[in-house]
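*Asks:* The primary structure of each chain is shown beneath.
Protein chains: 2
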Amino acid sequence: MTTNTKPILVSFDQLSVFIACALERVGLPEQDADKVARLMALADLQGSDGHGVIRLPQYVKRILAGGINTRPNIRVVSERAAIAVVDGDNAMGHLVMSHSVDVAMEKARQAGIGWVGARASNHAGPASLYVRKPIENNMIALYFAVGNANHLPPWGGMEMLLSTNPIAVGIPAGSEAAVVLDMATTVAAYGKVKAKAKRGEQMPEGWMIDRLGKPLLDPKRAEEGFLLPIGAHKGYGLALIVGLLAGTLNGAAMGRDVVDFNHDDVTPTNTGQSVLVIDLAAFGEPDVFKAAVDRLVHDIRNSERLPGVERIWLPGEQSHLKREKYTADGIPLPIGQVSDLTALAFELGIAPLV
Amino acid sequence: MTTNTKPILVSFDQLSVFIACALERVGLPEQDADKVARLMALADLQGSDGHGVIRLPQYVKRILAGGINTRPNIRVVSERAAIAVVDGDNAMGHLVMSHSVDVAMEKARQAGIGWVGARASNHAGPASLYVRKPIENNMIALYFAVGNANHLPPWGGMEMLLSTNPIAVGIPAGSEAAVVLDMATTVAAYGKVKAKAKRGEQMPEGWMIDRLGKPLLDPKRAEEGFLLPIGAHKGYGLALIVGLLAGTLNGAAMGRDVVDFNHDDVTPTNTGQSVLVIDLAAFGEPDVFKAAVDRLVHDIRNSERLPGVERIWLPGEQSHLKREKYTADGIPLPIGQVSDLTALAFELGIAPLV
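These protein sequence lines map, in sequence, to chains C and R. According to our numbering, the first sequence is numbered sequentially starting from 1. According to our numbering, the second sequence is numbered sequentially starting from 1.
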């Protein structure tokens, strides 16, 4: 028996339209379905394959189970000149965070900086999605989120009270690609574990340990262990701080209150996310800043390399190149994933992706 | 021959007065000398012994060499409702950052959040010093700084273009100690490497690599290698981002422009630091937030531990306990350090510390 392991290539539009169809079919208004679909497809377009269309079956399942509000009233419930708290009304997280970023940008334009915290939100895809619009408007953005399942114990502990709580930061550059850091506070994001499982691959040592403290390599056994934080106690500290800034501060779930959306499709997750936007124009001439970023990027890229290292990468550079390549050639989807999406299409009675 | 290795205990006031005397002697106005001295002694009081009075001889040397402006005009050079850029006029960093925190707090009181970036600043001690005042005023604070010497190459590189660029975050709690994260973006601080060398011990794998990219375990060969960032490329990304937010954004030194203050006492360092202050009251009732932090702290502290782990610590908890202990018993200073300070006192013609 032979297996075709070559991925199937789909265009951004093809993928986006398919996702929109599925989301509309399960009850999202057309405009909302389109917005979420474009953001999900953008995730795949930049190679964030653990956070794009791979999540569609789970989102659909949750929407059908009544765990997502498809007719939400996303609104600012509290604000000052430079901050706002947004109640997402249990909408798709992509809609809550798109709105929150717009509010933060508007505040930054006036006050120099804008911070928007969201509660009653949901999983919103890869953190870096939400720094792109600020970047295109000469703004720096920082994004903090509480993950939707606890996979991380405090340092020295065994009880998974923390999630991978990711951070994204986007810094505009001039002629260079923006510097975009998008990282979980664990060595590996849980989405990457899921992607490994889907591809039938083993995890490298150092990603997870089991409850006996032994390396866990089989991603299909992920539920039997927990992720490891970066820099030991430092990553634990970062995960905790991000959770406090994105969860507790916004009145959103954190610690024991976090709903594991892998095992519960109904309970509102009360997901918390925070976004901070900084308007470069408030600090000086944006072009001067962006030229300084370009210089730094050149200095780093052209600096002396360790033996065997072919290239020094800037944060976000590989995603940027993937976005360019996948825009030109198509987004590669593993055949197993395409099968899942075909099954989903059949179930929903919509046209399959390919 | 026997050596007395027992540390000498000094009170906070004793230490603070001594530092103030020394700084006044080399030209700082009384009020400025007092302010810097109290912050430096506070560093020792919380156990940040690499960033307190241990730095005094170096500061004095730099001031005497003309590398610090003792009559600075620290001023806001650009501002909006929620941001300000402060020009430190090459003052002691402690003065620049104290002022910056005050400005940020004032802005946060009005706008909900305040961000102040400083340029033409200098080394200001441990990052966590500057989150304490906001904490006492029901405010969250984040602090980012560019380090004053580059010890870190980009991931895959050998050229030390980055510093350990620290991050501090302070989160007020209720009856519990505030959660305070204060971390460099490298696995080990350079001081820990020096301590290992002094004790004739090997370093664990993961602290440093040599110029072939191989683990460097002998701390006596430290000059032949580099520190490793936490979480590999992630820590490199964090160090870079912190440098962009604290340095480049403020028009301060970053990358190749960073002045190594260990080898140059004269050139203005143009150090950059940024502080972000968030007023809890803008998000809701501060007591509700602080009670939620307390609950989270209890959940974490009392959660199931790995075999052999005696206690699960919260970030900042060990510093907090040291602050309490040292306030009661005195701050322990190694005898060698006291000798150095006695020599300095003799040199400056001031009364010795003990």
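Don't take every hint at face value.
In this list, chains with the same sequence are indistinguishable; a pair is considered to hold if it fits within one copy or across any two.
List of simulated lysine-lysine pairs, DSSO-like, C-alpha gap at most 30 Å [what the hints assert, rightly or not]:
1. K214 <-> K325
2. K290 <-> K198
3. K194 <-> K290
4. K6 <-> K133
5. K61 <-> K290
6. K214 <-> K192
7. K290 <-> K196
8. K6 <-> K196
9. K214 <-> K196
10. K35 <-> K214
11. K214 <-> K61
12. K290 <-> K220
13. K214 <-> K6
14. K290 <-> K214
15. K220 <-> K133
16. K133 <-> K214
In case anyone wonders, no lab produced these hints; they're calculated from the structure. Please read all numbers here as calculations on a predicted model, not as lab measurements.
*Asks:* At most 30 Å between alpha carbons: which applies to K194 and K290, within, between, both or neither?
*Replies:* neither (37 Å within a copy, 35 Å between copies)
*Asks:* Please sort K35 with K214 into within, between, both or neither, judging by C-alpha distance up to 30 Å.
*Replies:* neither (43 Å within a copy, 47 Å between copies)
*Asks:* Reference check for the pair K214 and K61, CA-CA at most 30 Å: within, between, both, or neither?
*Replies:* Neither: 34 Å inside a chain and 48 Å across chains, both beyond 30 Å.
*Asks:* Is it within a copy, between copies, both, or neither that the alpha carbon of K214 lies no farther than 30 Å from that of K6?
*Replies:* Cα proximity of K214 and K6: none, with 33 Å in one copy and 35 Å across.
*Asks:* Is it within a copy, between copies, both, or neither that the alpha carbon of K214 lies no farther than 30 Å from that of K325?
*Replies:* neither (39 Å within a copy, 34 Å between copies)
*Asks:* Please sort K214 with K192 into within, between, both or neither, judging by C-alpha distance up to 30 Å.
*Replies:* For K214 and K192, both the intra-copy (20 Å) and inter-copy (27 Å) Cα distances are at most 30 Å.
*Asks:* If the cutoff is 30 Å on CA atoms, where do K133 and K214 land: within, between, both or neither? Let me know, please.
*Replies:* neither (42 Å within a copy, 41 Å between copies)
*Asks:* Cα distance capped at 30 Å. Does K290 pair with K220 within a copy, between copies, both, or neither?
*Replies:* Cα proximity of K290 and K220: none, with 44 Å in one copy and 39 Å across.
*Asks:* Should K6 paired with K133 be assigned to within, between, both, or neither, using CA atoms and 30 Å as the limit?
*Replies:* neither (33 Å within a copy, 58 Å between copies)
*Asks:* When no copy is specified for K61 and K290, does a C-alpha distance of 30 Å or less occur within a copy, between copies, both, or neither?
*Replies:* neither (43 Å within a copy, 36 Å between copies)
*Asks:* Is it within, between, both or neither when you check K290 against K198 at 30 Å Cα-Cα?
*Replies:* neither (40 Å within a copy, 41 Å between copies)
*Asks:* With 30 Å as the alpha-carbon cut-off, assign the pair K214 and K196 to within, between, both or neither.
*Replies:* both (19 Å within a copy, 28 Å between copies)
Hints 1, 2, 3, 4, 5, 7, 10, 11, 12, 13, 14, 15 and 16, counting from the list given before, are not met by this structure.
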